[in-house]
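Starting from the known structure of chain S, arrange chain X on it as the hints suggest.
Protein chains: 2
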Amino acid sequence: MKVLFVGTGLIGGSFSLAMQKHGLLTEAGGYSRKMSNLDRSKELGIISVAFDNLEEGVKWADWIILSIPVDVIDRMLPGILDIIREEQVIIDFGSTKGKICASVRNHEARARFIAAHPIAGTEYSGPDAAFPDLFTEKLMIVCEEAQTNQAALKQFEQVCKTLQMNVEQMGAEAHDRHLAYISHLSHITSYALSNAVLQKEKDGHVLLDLAGSGFESTVRLAKSSPEMWGPIFMENKQMVLEALDSFLDYSTQFRELLNADDQEGILQFLEEGRKIKRVIK
Amino acid sequence: MKVLFVGTGLIGGSFSLAMQKHGLLTEAGGYSRKMSNLDRSKELGIISVAFDNLEEGVKWADWIILSIPVDVIDRMLPGILDIIREEQVIIDFGSTKGKICASVRNHEARARFIAAHPIAGTEYSGPDAAFPDLFTEKLMIVCEEAQTNQAALKQFEQVCKTLQMNVEQMGAEAHDRHLAYISHLSHITSYALSNAVLQKEKDGHVLLDLAGSGFESTVRLAKSSPEMWGPIFMENKQMVLEALDSFLDYSTQFRELLNADDQEGILQFLEEGRKIKRVIK
Numbered sequence: 626m627k628v629l630f631v632g633t634g635l636i637g638g639s640f641s642l643a644m645q646k647h648g649l650l651t652e653a654g655g656y657s658r659k660m661s662n663l664d665r666s667k668e669l670g671i672i673s674v675a676f677d678n679l680e681e682g683v684k685w686a687d688w689i690i691l692s693i694p695v696d697v698i699d700r701m702l703p704g705i706l707d708i709i710r711e712e713q714v715i716i717d718f719g720s721t722k723g724k725i726c727a728s729v730r731n732h733e734a735r736a737r738f739i740a741a742h743p744i745a746g747t748e749y750s751g752p753d754a755a756f757p758d759l760f761t762e763k764l765m766i767v768c769e770e771a772q773t774n775q776a777a778l779k780q781f782e783q784v785c786k787t788l789q790m791n792v793e794q795m796g797a798e799a800h801d802r803h804l805a806y807i808s809h810l811s812h813i814t815s816y817a818l819s820n821a822v823l824q825k826e827k828d829g830h831v832l833l834d835l836a837g838s839g840f841e842s843t844v845r846l847a848k849s850s851p852e853m854w855g856p857i858f859m860e861n862k863q864m865v866l867e868a869l870d871s872f873l874d875y876s877t878q879f880r881e882l883l884n885a886d887d888q889e890g891i892l893q894f895l896e897e898g899r900k901i902k903r904v905i906k
Numbered sequence: 626m627k628v629l630f631v632g633t634g635l636i637g638g639s640f641s642l643a644m645q646k647h648g649l650l651t652e653a654g655g656y657s658r659k660m661s662n663l664d665r666s667k668e669l670g671i672i673s674v675a676f677d678n679l680e681e682g683v684k685w686a687d688w689i690i691l692s693i694p695v696d697v698i699d700r701m702l703p704g705i706l707d708i709i710r711e712e713q714v715i716i717d718f719g720s721t722k723g724k725i726c727a728s729v730r731n732h733e734a735r736a737r738f739i740a741a742h743p744i745a746g747t748e749y750s751g752p753d754a755a756f757p758d759l760f761t762e763k764l765m766i767v768c769e770e771a772q773t774n775q776a777a778l779k780q781f782e783q784v785c786k787t788l789q790m791n792v793e794q795m796g797a798e799a800h801d802r803h804l805a806y807i808s809h810l811s812h813i814t815s816y817a818l819s820n821a822v823l824q825k826e827k828d829g830h831v832l833l834d835l836a837g838s839g840f841e842s843t844v845r846l847a848k849s850s851p852e853m854w855g856p857i858f859m860e861n862k863q864m865v866l867e868a869l870d871s872f873l874d875y876s877t878q879f880r881e882l883l884n885a886d887d888q889e890g891i892l893q894f895l896e897e898g899r900k901i902k903r904v905i906k
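Line order of the protein sequences matches chains S and X. Each residue of the first sequence is one higher than the one before, starting from 626 at the first, in the working numbering. Each residue of the second sequence is one higher than the one before, starting from 626 at the first, in the working numbering.
The following block holds chain S by itself, in its conformation from the complex (with noise of 0.2 angstroms):
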């Protein structure tokens, strides 16, 4: 199978070295609005064919793997599907799916189209980041899979099996609600800690470089590429403010207790979101 990515960072490169490892690919070509990020996934072996036209690199290709900023996927979509042959297929990977899936909802081709979302990454981004076992016994969730062609659907979800990747099905609104709160709102709570602390640093009141590695977990995140999440929080805009809200409510909610001298309170704060253990090992 041949597969042209779109986009070869840390999601689509490290999609087609783990395609490799499982010999799933004949050939893997690139396609990228940056010629030196091809350039750069030729080297390290993400690809070996680079196209500078997307509709020859469409053309060539069996699937398509959209691994970009989701609002890019939203304005390439249609017009990929409008191109297809009938046994070729698309697949995003973007981190928001329902507006995705209304671009595309009353395309004719739009059974060719797969909208999934690996649920893995790191902080760092671009060919550089990747490496071959990012989603080993990791989560693919694929969203109105009805709207799907059911082979091309199984030959995907046959694909992420063989790379050790479990696979859910789930609506594309229900995909949104849950991932602003276990993903987007874990990346605005980093980006708006290192803000506050880089100010306080300026200010000379804070030495970052004696920052243990409880900071450094809760502001890793803040590292990501601003390119792929600013169209993440735009896309997933109510969902996103509605966790932002009841986040902001319990961190104010904290320093009303902490203001009041309330002791029992701040335990009992304290306790209910230890209960997190449960799920976090």
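Hints were generated in silico from the structure; no laboratory data involved. Just so you know, not all the hints are guaranteed correct.
Pairs involving identical chains hold if they fit within one copy or between any two copies, as the list cannot separate such chains.
[Unchecked claim] Lysine-lysine pairs mimicking DSS-like chemistry, simulated, CA-CA at most 27 angstroms apart:
hint, residue 1, residue 2
1, K848, K906
2, K902, K848
3, K779, K763
4, K763, K848
5, K827, K848
6, K827, K900
7, K906, K763
8, K862, K848
9, K906, K659
10, K906, K827
11, K862, K827
12, K659, K902
13, K627, K763
14, K763, K827
15, K900, K659
16, K902, K827
17, K659, K848
Since we're looking at a predicted model, the values are computed, not measured.
Frame of chain S, contents of chain X only:
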């Protein structure tokens, strides 16, 4: 040297194991209000002698190391200094330093006390969480060092260096402000995030078993011991409120940018936050 560990959990227990590993202890004693902790600490090799009477333990020891909640340190420290002999040294490992230092500032045995804080830890607690390499290449902060007997301080710093720790001296107020931003705030955002997400899970809208490593990273500190952390927030109330307010300002600023669909503003917010790359590898 015989050391009495008052508190033999993650921090005290690890310090005992580290000193033993480097051949710095002839005997490790333990005191705790929880007898079960002492029994377990003996099983784990953290201590060999258990005291159910604090005064007896203090008399027995050359050094006394306090690794217990900071409010308990406040209450316990003056009483121990009352009975300490000239050649003995008491060291506290509390995560706040201002109130603890103030509590003994005018004590006639003040010079026998070292106010220290090892910048090391995990989200786990109790004797079972202890391990000998917790402190390797970590930082030991010492506050108000001028008030401590210089020979005792030198000996303590030598022990830290043998444990491959760096030692830095810092004012108690500077320490508490610094820690508010790079440690205490991180714990609060983790607990608040955990509360928000667990509430949503109760409502049936979030499936926590699908959470990825990014969520785990931002929320893991919420597994920390409320018994240790409640008093830290309360003792460092003013600095923590200042740090939390700055964080809430930035979070609210992000909320407004998103609500206003301000793409440029969002990208700028993320780019600013991303500058943490400079300090977090």
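Item checked: Numbers of the earlier hints that this structure fails to satisfy, in rising order -> Checked against the structure, no hint fails, so every one of them is satisfied.
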